[in-house]
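So the sequences go chain by chain: A and B.
Numbering-wise (my numbering), the first sequence opens with residue 3 and increments by one.
Numbering-wise (my numbering), the second sequence opens with residue 3 and increments by one.
Just to be clear, a hint being listed does not mean it is correct.
Chain copies aren't distinguished; within one or between two, either way the pair holds.
[To be verified] Calculated lysine to any residue pairs in the SDA-like style (CA-CA distance at most 25 Å, straight line):
id, residue 1, residue 2
1, K101, R69
2, K101, A22
3, K101, L128
4, K103, A78
5, K103, V17
6, K103, G119
7, K121, Y77
8, K121, P58
9, K103, T70
10, K121, T80
11, K103, D71
12, K121, A78
13, K103, Y39
Bear in mind the hints are in silico, worked out from the structure with no lab data behind them.
Note that the coordinates shown come from a computational prediction; the quantities given were computed from them, not determined experimentally.
Number of protein chains: 2
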Amino acid sequence: VDALFAAVRASGAEVDAEPADQPWGLRDFRLRDPDGYYLRVTHDDEPTAPAPTPEPPYTAVIFTSLRTDTDHPGYAETAAEMERLAAAQPGYLGIESAKEKLGITVSYWSSAEHALGWKAVAAHELAQQAGRDRWYRQYRVRVATVEREYGL
Amino acid sequence: VDALFAAVRASGAEVDAEPADQPWGLRDFRLRDPDGYYLRVTHDDEPTAPAPTPEPPYTAVIFTSLRTDTDHPGYAETAAEMERLAAAQPGYLGIESAKEKLGITVSYWSSAEHALGWKAVAAHELAQQAGRDRWYRQYRVRVATVEREYGL
Numbered sequence: 003v004d005a006l007f008a009a010v011r012a013s014g015a016e017v018d019a020e021p022a023d024q025p026w027g028l029r030d031f032r033l034r035d036p037d038g039y040y041l042r043v044t045h046d047d048e049p050t051a052p053a054p055t056p057e058p059p060y061t062a063v064i065f066t067s068l069r070t071d072t073d074h075p076g077y078a079e080t081a082a083e084m085e086r087l088a089a090a091q092p093g094y095l096g097i098e099s100a101k102e103k104l105g106i107t108v109s110y111w112s113s114a115e116h117a118l119g120w121k122a123v124a125a126h127e128l129a130q131q132a133g134r135d136r137w138y139r140q141y142r143v144r145v146a147t148v149e150r151e152y153g154l
Numbered sequence: 003v004d005a006l007f008a009a010v011r012a013s014g015a016e017v018d019a020e021p022a023d024q025p026w027g028l029r030d031f032r033l034r035d036p037d038g039y040y041l042r043v044t045h046d047d048e049p050t051a052p053a054p055t056p057e058p059p060y061t062a063v064i065f066t067s068l069r070t071d072t073d074h075p076g077y078a079e080t081a082a083e084m085e086r087l088a089a090a091q092p093g094y095l096g097i098e099s100a101k102e103k104l105g106i107t108v109s110y111w112s113s114a115e116h117a118l119g120w121k122a123v124a125a126h127e128l129a130q131q132a133g134r135d136r137w138y139r140q141y142r143v144r145v146a147t148v149e150r151e152y153g154l
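Generate coordinates for the entire structure from the input sequences, incorporating the hints supplied.
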């Protein structure tokens, strides 16, 4: 988002609001187009807040991965596409992800059945296969029932 | 590890093995000291593999956080100290963590009681208080029972 904002500003567009983290968990900025309309620009693959999950119980799928060293083409696109596709599945509650050496993605689902449904979606199965064959040196998937939640 | 290795090599020490990811999940290098002993140098705060958890069921504590913008002194030291302290608690099974904009740390415990025991350790309670007061803008703690695990 910030990189895009810098490019947009350099192009001379009329900026209405600089990039900021919004209460709904996305970072965005706002432009005014020549007709006077506001455009809010964001990136839905950049989670900036914990997922807004409901009262437990619900299901968490913890995916911990270690990438292969080679930077395979298609990985980033597929990962982003899978996050979008997951968000459209029944029972989807939210996703959190962070990557350093180790990558951790936690997706939240209304039930274990919903999580299983997502695992079986055809496009996701193809991505899983590519992951096993090329992208990951090692990974663990842990399916868990969240029983308690608290925070700030 | 790599930064330390560069400094050690620059000092002229006899390097026996360059930094490498080991099968047990740590990155380390090896030196030979003047008496001929081998020294293996690693950093236990740099997880490079999924935690070696046993057959489910066991407990996962998913800690998702969003830092405040200010870089408060003491944060990194306390976080590292808490990881060391956690590893010494009864029922500790392992920890995974990654941080981008969002930080995700998942610690694994033999039971929910063991996870609660860690929450109540005095030094950890102090760190939690500092976290609420200064370090985190937002965080969620989710306590979950892992029921299924698979992977590569």
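Here is what the structure says about each hint:
When the C-alpha separation of K101 and R69 is checked against a cutoff of 25 Å, the pair qualifies both within a copy, at 10 Å, and between copies, at 16 Å. In this assembly of identical chains, K101 and A22 lie within 25 Å of each other by CA distance both inside one copy and across copies; the values are 22 Å within and 19 Å between. Taking CA atoms no more than 25 Å apart as the test, K101 paired with L128 passes inside one copy only; the shortest distance there is 22 Å, against 28 Å between copies. For the identical chains of this complex, K103 and A78 are neighbours both inside a copy (15 Å) and across copies (17 Å), given an alpha-carbon limit of 25 Å.
For the homomeric pair K103 and V17, the shortest alpha-carbon distance between copies (24 Å) is at most 25 Å, but the shortest distance inside one copy (36 Å) is not. For a Cα distance limit of 25 Å, the shortest separation of K103 from G119 qualifies neither inside one copy, at 29 Å, nor across copies, at 29 Å. When the C-alpha separation of K121 and Y77 is checked against a cutoff of 25 Å, the pair qualifies only within one copy, where the shortest distance is 18 Å, while the shortest distance between copies is 37 Å. Proximity of K121 to P58 under the C-alpha cut-off of 25 Å is found in both arrangements, the shortest distances being 22 Å within a copy and 19 Å between copies.
For the homomeric pair K103 and T70, the shortest alpha-carbon distances inside one copy (11 Å) and between copies (23 Å) are both at most 25 Å. In this assembly of identical chains, K121 and T80 lie within 25 Å of each other by CA distance solely inside one copy; the values are 15 Å within and 38 Å between copies. In the homo-oligomer, the alpha carbons of K103 and D71 lie at most 25 Å apart both inside one protomer (11 Å) and across protomers (23 Å), since each shortest distance falls under that limit. For a Cα distance limit of 25 Å, the shortest separation of K121 from A78 inside one copy, 19 Å, qualifies, whereas the shortest one across copies, 36 Å, does not.
Taking the closest pair of Cα atoms, K103 and Y39 never come within 25 Å of each other, the shortest separation being 42 Å inside a single copy and 30 Å across copies.
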